[in-house]
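Chains as they are written, first to last, in this note's numbering: chain D, 1 to 353; chain H, 354 to 706.
Since the hints were made in silico from the structure, they are not lab data.
Given the structure is predicted, the values throughout are model-derived calculations rather than measurements.
Check the hints yourself; a few may be wrong.
[Unchecked claim] Stretch-level coverage of chain D by chain H, calculated; a stretch enters the list once three of its residues show a Cβ under 8 Å from a Cβ in chain H: (1) 101-114; (2) 246-252; (3) 255-261; (4) 281-287.
Cβ atoms here follow ideal geometry from the backbone N, Cα and C, with glycine treated the same way.
Number of protein chains: 2
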Amino acid sequence: MKTINTKEQNQEIVLANHPSGVPTIDTFKINDIDMPTLKEGEVLLKSIYVSVDPGMRGFMNKGTDDAAGNKFQLNKAITSRTVAQIVAVDTTSNNKSNANNFAVGDIVHGRFAWQKYQTVNIADIEKVDPTLAPISTAVSMLGIPGLSAYFGMLSIGQPKKGETVVVSGAAGSVGSIAAQIAKIKGCKVIGIAGSTQKIAFLEHDLGLDKGINYKQVDDMAVAIRETCPNGVDVFFDNVGGELFDAVFANINEHARIAICGQIADYNEEHPPQGPRPMHTLIKKSARMEGFVVYDFKDHFAEAKQQIADWYNNGELIYKENLIEGFENIPDAFIGLFSGENIGKQMIKVSDVA
Amino acid sequence: MKTINTKEQNQEIVLANHPSGVPTIDTFKINDIDMPTLKEGEVLLKSIYVSVDPGMRGFMNKGTDDAAGNKFQLNKAITSRTVAQIVAVDTTSNNKSNANNFAVGDIVHGRFAWQKYQTVNIADIEKVDPTLAPISTAVSMLGIPGLSAYFGMLSIGQPKKGETVVVSGAAGSVGSIAAQIAKIKGCKVIGIAGSTQKIAFLEHDLGLDKGINYKQVDDMAVAIRETCPNGVDVFFDNVGGELFDAVFANINEHARIAICGQIADYNEEHPPQGPRPMHTLIKKSARMEGFVVYDFKDHFAEAKQQIADWYNNGELIYKENLIEGFENIPDAFIGLFSGENIGKQMIKVSDVA
Numbered sequence: 001m002k003t004i005n006t007k008e009q010n011q012e013i014v015l016a017n018h019p020s021g022v023p024t025i026d027t028f029k030i031n032d033i034d035m036p037t038l039k040e041g042e043v044l045l046k047s048i049y050v051s052v053d054p055g056m057r058g059f060m061n062k063g064t065d066d067a068a069g070n071k072f073q074l075n076k077a078i079t080s081r082t083v084a085q086i087v088a089v090d091t092t093s094n095n096k097s098n099a100n101n102f103a104v105g106d107i108v109h110g111r112f113a114w115q116k117y118q119t120v121n122i123a124d125i126e127k128v129d130p131t132l133a134p135i136s137t138a139v140s141m142l143g144i145p146g147l148s149a150y151f152g153m154l155s156i157g158q159p160k161k162g163e164t165v166v167v168s169g170a171a172g173s174v175g176s177i178a179a180q181i182a183k184i185k186g187c188k189v190i191g192i193a194g195s196t197q198k199i200a201f202l203e204h205d206l207g208l209d210k211g212i213n214y215k216q217v218d219d220m221a222v223a224i225r226e227t228c229p230n231g232v233d234v235f236f237d238n239v240g241g242e243l244f245d246a247v248f249a250n251i252n253e254h255a256r257i258a259i260c261g262q263i264a265d266y267n268e269e270h271p272p273q274g275p276r277p278m279h280t281l282i283k284k285s286a287r288m289e290g291f292v293v294y295d296f297k298d299h300f301a302e303a304k305q306q307i308a309d310w311y312n313n314g315e316l317i318y319k320e321n322l323i324e325g326f327e328n329i330p331d332a333f334i335g336l337f338s339g340e341n342i343g344k345q346m347i348k349v350s351d352v353a
Numbered sequence: 354m355k356t357i358n359t360k361e362q363n364q365e366i367v368l369a370n371h372p373s374g375v376p377t378i379d380t381f382k383i384n385d386i387d388m389p390t391l392k393e394g395e396v397l398l399k400s401i402y403v404s405v406d407p408g409m410r411g412f413m414n415k416g417t418d419d420a421a422g423n424k425f426q427l428n429k430a431i432t433s434r435t436v437a438q439i440v441a442v443d444t445t446s447n448n449k450s451n452a453n454n455f456a457v458g459d460i461v462h463g464r465f466a467w468q469k470y471q472t473v474n475i476a477d478i479e480k481v482d483p484t485l486a487p488i489s490t491a492v493s494m495l496g497i498p499g500l501s502a503y504f505g506m507l508s509i510g511q512p513k514k515g516e517t518v519v520v521s522g523a524a525g526s527v528g529s530i531a532a533q534i535a536k537i538k539g540c541k542v543i544g545i546a547g548s549t550q551k552i553a554f555l556e557h558d559l560g561l562d563k564g565i566n567y568k569q570v571d572d573m574a575v576a577i578r579e580t581c582p583n584g585v586d587v588f589f590d591n592v593g594g595e596l597f598d599a600v601f602a603n604i605n606e607h608a609r610i611a612i613c614g615q616i617a618d619y620n621e622e623h624p625p626q627g628p629r630p631m632h633t634l635i636k637k638s639a640r641m642e643g644f645v646v647y648d649f650k651d652h653f654a655e656a657k658q659q660i661a662d663w664y665n666n667g668e669l670i671y672k673e674n675l676i677e678g679f680e681n682i683p684d685a686f687i688g689l690f691s692g693e694n695i696g697k698q699m700i701k702v703s704d705v706a
């Protein structure tokens, strides 16, 4: 085993309380912890970029683990998608493994703990290809958000040239990529977001046909109708709630609705009520489909290559909202629910060695 | 032009009032009317079998026509799917047409007025093939209900051998066929209905694995869970409302939900509210799809042949609830909402000549 080449104080951020509604700073607690000891089959990782996503809110509720073991436990470190660098490897296991060989200095990603340093089983890390795009994108544009946008838009939304596509949460990490993919496919694309800055981002940076600021509109259903005189063929929904209802009121026959996220509801304690969509689904022969990105895992490699190609060709732009400092992870997470972010929220914890 | 060979008093049934809630006998009015005069391009029809369906309720509300011209107008004859016999043909048009030639005595079907006799444009009638199955089935098992069951179950539900399928309204005209098709495909099939007689029909006549009488169950979600220990892969929903919620609470990953009808809601004045399904759709990667049977019209002929083959082989049974007498059409329609019917509600208006 290699030895650890740092004397830095290790730290973790744990779930201090199950939040009720939007999490607050008291939901979290930072602890000083010992540097972990490398065991057989493990690597020692130094966190570089930590990703925070609204969907994590659901794992903070009280209750038993879901099937994927996603619930966070009190006083245990929270986990999220992270880009890290290998600082030590248990080489005995590496030799036994038929998987990738990992070496000190390699950049990897996975779902890791909010810890500056941690040991992780080799089976739970994946190599980052630094030639595709900047390494932070391994957990964003080329990670779950980008892949969600890709498969949600292409496999579920199935946009055809000339169709009208509406994306809610369009300035976010998933929505901004989903909207641009629909533009690449030749659609008229309308993005919904909640600030003047975001609308400018949608219209000027992403080149969408129109951005609608839902906070400045009295009747969203009317605004959608006026902006989409031919109706809505594809609705990529990251938000849910009344925003969903307003777009849904304007769907065309054979509309496809990809249910990607429901940020409006993540902080609700009870299942939210709303108008039942069934009648409209019948009347419009429309389809509404939920998905998780792992449904498409057999096609991840080709999707990453395609997104990277669009990015490197300049057909798709990607924006990160980067905050520095391990101790600022909780603030960055809480900020997701204020509706202020443009682009993917990331925290830079340390530099690549 | 041939002359009309009957002296019978012609009659029509009109919409007398827009109903509020469940229609009553005052919703309708029977009028004596003149025998119509055959004009160019028309046939004179004598109604034989009239079909009534819950979905017609929506057309009785006040308001403008929908795109398909489906709204019934006050003091105009109501229309529904009907099997009729040609009693006269305008032969000049027949010669001009490239379509089927029609002759006196032919059995045809279409969406006709609630009139004993009426003239209809040749473009609006379709021949019934009496060799496939009894002619009344042209508007039931081989008509919209049967085709809705066929395409809703096979194209949207996509049941695979060994999967668990739940059908609501399973004793009705659509549900009974949908459930049997799932049995033919090798599924475990659970039917939901609302009377002891219907449950007996589902279990003994249709051979479903289990019938659940929702009127005798305290908690439908629990009843479904106990009956479907492996969860629900396909849900063919004819009912909606809280029954939907109970089945939906038990869906499996990658479940397919065919939204066929929503009889629970047809008499509601406002769009009904309920739990939003989006979170569960995401969590289960599930699909919920509405349809109207005309989405599949290019495949009607093969579907009719397949259903008729199953019927003639004894693999699929079909039950009609036949009432006699033109004047009893309103009662038959109103009866649809009492939940008492087993099988397709039909009214026999006259004999084939």
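Verification of the hints:
no., hint, verdict
1, 101-114, "violated (count 0)"
2, 246-252, "violated (count 0)"
3, 255-261, "holds (count 3)"
4, 281-287, "holds (count 7)"
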